[in-house]
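Construct the complete structure from the given sequences, taking the supplied hints into account.
Take a look at the letters that make up each chain.
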Amino acid sequence: MSVLTISRRGLLAGSALLLASTALPAIGRAQTPKKGGRLIVAADSEPRNLNPAIVASNGVFFISSKVVETLAEASFDGKDGLQPRLALSWQGAADGLSVTFKLRDGVKWHDGKPFTSADVAFSALEIWKPLQNLGRTVFKDLEAVDTPDELTAVFKFARPTPFQLIRNALPALTSVVPKHVYENGKIEDNPANNAPVGTGPFKFAEYKAGQYYRLARNDDYWGKDEPFLDEIVYQVLPDRTSAAAALEAEEIQLAAFSAVPLADLDRISKVQGLKVVTKGYEGLTYQLVVEINHRRKELADLKVRQAIAHAIDKDFVVKTIFLGYAAAATGPVPKNDPQFYTPDVPTYPFDVAKANDLLDEAGYKRADDGKRFSLKLLPAPYFNETKQFGDYLRQALAAIGIDAEIVNNDPAAHMKAVYTDHAFDLAVGPPVFRGDPAISTTILVQGGIPDGVPFSNQGGYKNAELDALIAKASETLDTSARTALYKEFQKMVAADLPLINVAEWSFISVARDTVGNIANNPRWAVSNWADTYLES
Amino acid sequence: MTRALALLRRRLVGSVFVLLIVVIGSFLLLEAAPGDAVDAYIVSTGGDAGMIELLRHRWGLDQSELTRLANYLWALLHLDLGQSVTFSQPIRNVILDRLPTTLILMGSATALSFGFGSALGIYAGARPGSFRDRFLSIGSLALYAVPGFWLGLVLIVVFAVDLRWLPIGGIETIASAKTGLARATDVAIHLVLPVSALGFIYLALYLRMMRAGMAEAWRQDFVLAARARGLPRRRIVLAHVARNALLPLVTMLGLQSAQMLGGSVVIESVFAVPGLGRLAQEAVAGRDTPLLLGIILVSAVLVVAINLLVDLAYAFLDPRVGASEAGT
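Chains A and B are the protein sequences, given in the same order.
Residue 522 in the numbering used here sits at position 522 of the first sequence, with consecutive numbering throughout.
Residue 322 in the numbering used here sits at position 322 of the second sequence, with consecutive numbering throughout.
Note that these hints are calculated values from the structure, not bench results.
Mixed in with the good hints, there may be bad ones.
Here are the simulated distance ranges between beta carbons [what the hints assert, rightly or not]:
1. B:65 - A:91: 48 to 56 angstroms
2. A:205 - B:5: 31 to 39 angstroms
3. B:16 - A:183: 42 to 50 angstroms
4. A:148 - B:285: 42 to 50 angstroms
5. B:142 - A:514: 53 to 61 angstroms
6. B:178 - A:188: 45 to 53 angstroms
7. A:488 - B:147: 16 to 24 angstroms
8. B:313 - A:230: 31 to 39 angstroms
9. B:178 - A:421: 31 to 39 angstroms
10. B:147 - A:76: 20 to 28 angstroms
11. B:123 - A:267: 40 to 48 angstroms
12. A:76 - B:176: 31 to 39 angstroms
We treat Cβ as the ideally placed atom computed from N, Cα and C, and that holds for glycine.
The following block contains the structure:
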């Protein structure tokens with residue numbers, strides 16, 4: 001055993017020397033990525049459907065986006081924040097009734113068949129529109145897709161549809177799957193949903209339930225010299241503490257989506273050979289939101305909602321719960337959104353005295369025990385941070401005389417309690433902002449949504465004026481007019497508080513220093529990793 | 001042999017009823033949990049009302065509880081465990097995929113705790129009240145008080161992260177394409193830490209039981225007689241004292257097998273071992289009723305089978321057991 005220890009020490013000394021001796025050349029080499037190697041990545045869950053055309057979610061994209069590509073990907077510096085993938089260009093008609101895509105030539109599916117406009121038409125009409133969780137909303141008016149030639153697809157809409165919305169939806173909603181694989185039989189039962197076939201830089205190679213997914217290099221990929229890696233292996237590590245340990249032991253090289261808990265980052269960042277990367281998630285912003293059940297008469301009173309907003313110390317939440325890896329929110333659009341965000345909205349600075357005054361004004365005086373009223377608080381169990389914020393909110397509410405009882409549920413039970421049974425007064429939720437308010441943000445405050453729709457307004461909030469604004473924005477074609485309407489939307493939400501936006505956060509990657517080209521686009525963790533490489 | 005067969009027959013008939021009660025009870029319990037498989041599914045996807053209705057229909061969740069229970073039992077009668085919605089696969093395949101892993105993990109951990117536990121118990125019980133007895137008793141108690149997941153994490157930090165002698169988790173080197181002996185060795189190396197974490201905790205139980213049984217046996221007349229006959233001490237300890245203290249341990253072994261299945265949930269998560277325990281946890285989180293029922297059934301069959309073996313071993317170890325049944 002002592003032999004092992006010594007050899008390890010020797011190894012360390014040796015590698016330190018090696019590092020020192022190659023430090024200079026390494027800087028020059030960083031621009032020319034190396035080919036080959038197996039990248040091992042931590043995965044904390046195993047999505048049951050890996051088809052990103054049906055399930056447009058980050059959990060699925062994390063694995064499938066390397067196999068199945070979209071028409072365009074998000075970009076830090078591209079026009080409109082996009083870079084071409086399967087589509088080379090996209091042009092919206094002035095009347096909002098059609099969008100024309102010119103497709104990339106010479107692209108092959110993993111089974112060798114050519115990629116054509118027929119595949120795009122099939123994916124759009126047979127999958128995105130009728131089956132996809134997000135596409136059912138965005139593509140609801142899609143009527144037909146014309147394919148005048150093999151490399152042109154023209155989307156035809158029954159009602160004018162803003163081109164800006166379609167553009168913003170490209171990175172997440174437009175995964176193209178092969179028509180010839182899916183055209184026979186029920187799409188939902190197709191075996192390719194668990195072993196996807198695409199055009200991406202990696203082919204789906206193997207899945208061992210409970211252990212790993214393996215993707216192998218696609219030698220016929222259209223990107224010149226890409227991909228660099230030979231293999232990507234996703235190792236399933238259900239316990240969050242073990243991801244950090246596996247990185248330290250060099251068993252894995254990358255843990256994305258904050259698989260390493262925030263509390264461990266400080267320690268991990270000091271470990272030699274590991275780097276903490278906060279970039280690469282700008283297009284995947286999660287929002288920390290207090291959902292409100294307006295059926296409770298106290299909460300239907302705007303003054304009470306304002307009081308709650310004033311009682312929350314957003315800076316404390318950012319510093320203590322998110323350890324600084326977040327930003328305080330002002331309204332329903334996150335600050336880091338380049339198109340729609342406006343800071344020009346009513347704000348609620350932390351002010352306990354004012355909150356107490358507002359509650360007094362509203363007529364909810366403190367009883368002899370100091371309490372005004374009690375309510376049920378349901379923090380969503382999906383993230384540590386939502387649970388911790390639930391504990392904080394309980395204390396913040398106690399300071400203004402509101403007695404909150406925390407109800408902890410597992411994900412399925414929370415889903416049912418909040419979105420179907422409405423058995424909550426306040427809930428803590430983490431909705432996602434997906435680059436355009438019409439994709440999954442307006443639904444959080446819109447009236448008339450049926451019971452049971454997850455991540456939507458299930459708090460019984462109705463505001464005819466706000467609904468009219470949302471409807472108008474959904475059919476406004478002019479980009480600047482549409483953007484202006486969504487700025488108005490932010491003001492109205494911040495003023496009437498159908499929900500309270502507290503903070504916005506993204507994820508963090510921890511990687512070994514040898515992993516190159518990570519975080520080079522705003523949706524990096526869910527992009528195709530064609531240019532990611534490993535230094536040996 | 002007829003004695004054993006009679007025991008087997010009676011046990012099998014009883015077991016069928018036990019299993020039926022277990023299945024129906026678990027079904028009702030899981031139905032009572034808030035949220036169903038669709039609720040669990042849309043947590044990670046979202047979706048609109050139409051899509052949710054579609055899913056409920058596809059997964060048969062729009063039928064009444066009674067219809068689903070009846071359908072399940074009818075299929076079970078044909079030895080069909082049904083389809084898992086979490087894995088989109090026949091449940092039989094999902095379980096068979098994980099069962100060997102759990103059996104190896106459990107089997108090794110049980111062997112470790114039983115083997116080491118009884119051996120140390122004999123060592124301690126050979127001289128009750130001595131220093132080594134006190135040391136082992138207190139040490140094992142301390143080990144027993146340690147939570148399994150914590151012991152697992154400590155083992156990981158020491159042996160996998162700091163010393164790097166052993167892998168952090170998993171059942172084998174991922175995507176290594178090893179076969180035969182190389183693969184067996186690989187699996188064995190991966191099992192060292194989880195088996196230790198699981199086994200060492202239960203070790204205390206066997207140790208203390210052995211030691212207590214022996215301490216009592218020392219006071220029996222037959223030990224005095226053996227001494228008077230001038231038998232060597234070694235023979236008295238092993239053949240007379242220890243053998244008499246062994247029986248309760250065998251009983252414990254049967255009971256323990258059920259506990260071990262439960263305890264492995266935590267250890268399997270910490271060490272990322274793809275076993276039945278973790279599968280059960282996923283089935284509950286995903287509200288995958290048929291999958292959970294399948295796991296419970298398989299576990300129940302396992303426990304019944306192990307206890308049957310224990311009973312047979314009992315009959316073998318102690319001639320008094322089952323003597324009354326010899327004639328029937």
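Worksheet item: residue 76 of chain A and residue 176 of chain B, beta-carbon distance inside 31 to 39 angstroms?
Response: Cβ of residue 76 of chain A to Cβ of residue 176 of chain B: about 38 angstroms, so the range 31 to 39 angstroms holds.
Worksheet item: Has the hinted range 40 to 48 angstroms been met by the Cβ atoms of residue 123 of chain B and residue 267 of chain A?
Response: Holds - the Cβ-Cβ distance for residue 123 of chain B and residue 267 of chain A, about 42 angstroms, lies within 40 to 48 angstroms.
Worksheet entry | residue 230 of chain A and residue 313 of chain B - C-beta distance against the hinted 31 to 39 angstroms | Distance hint for residue 313 of chain B, residue 230 of chain A is violated at roughly 52 angstroms.
Worksheet item: Is it true that residue 147 of chain B and residue 76 of chain A lie within 20 to 28 angstroms of each other by Cβ?
Response: 46 angstroms, violated
Worksheet item: Within 48 to 56 angstroms or not, the Cβ separation of residue 65 of chain B and residue 91 of chain A?
Response: 54 angstroms, holds
Worksheet item: Holds or violated: 53 to 61 angstroms for the Cβ distance of residue 142 of chain B and residue 514 of chain A?
Response: 42 angstroms, violated
Worksheet item: Regarding residue 178 of chain B and residue 188 of chain A, is the given constraint of 45 to 53 angstroms on their beta-carbon distance met?
Response: For residue 188 of chain A against residue 178 of chain B, whose Cβ atoms are near 36 angstroms apart, the range 45 to 53 angstroms is violated.
Discussion item. The hint says 42 to 50 angstroms between residue 16 of chain B and residue 183 of chain A; measuring C-beta to C-beta, is that right?
Written reply: Check passed, 48 angstroms falls within 42 to 50 angstroms.
Worksheet item: Does the Cβ pair residue 205 of chain A, residue 5 of chain B satisfy 31 to 39 angstroms?
Response: 51 angstroms, violated
Worksheet item: Using the C-beta atoms of residue 148 of chain A and residue 285 of chain B, is the stated range 42 to 50 angstroms upheld?
Response: 48 angstroms Cβ-Cβ, so the 42 to 50 angstroms window holds.
Worksheet entry | residue 178 of chain B paired with residue 421 of chain A, Cβ distance criterion 31 to 39 angstroms | At 51 angstroms between Cβs, range violated.
Item to complete: Starting from the hint 16 to 24 angstroms, judge whether the C-beta atoms of residue 488 of chain A and residue 147 of chain B obey it.
Response: 55 angstroms, violated
In the structure shown, a violation is registered for the earlier hints numbered 2, 5, 6, 7, 8, 9, 10, in ascending order.
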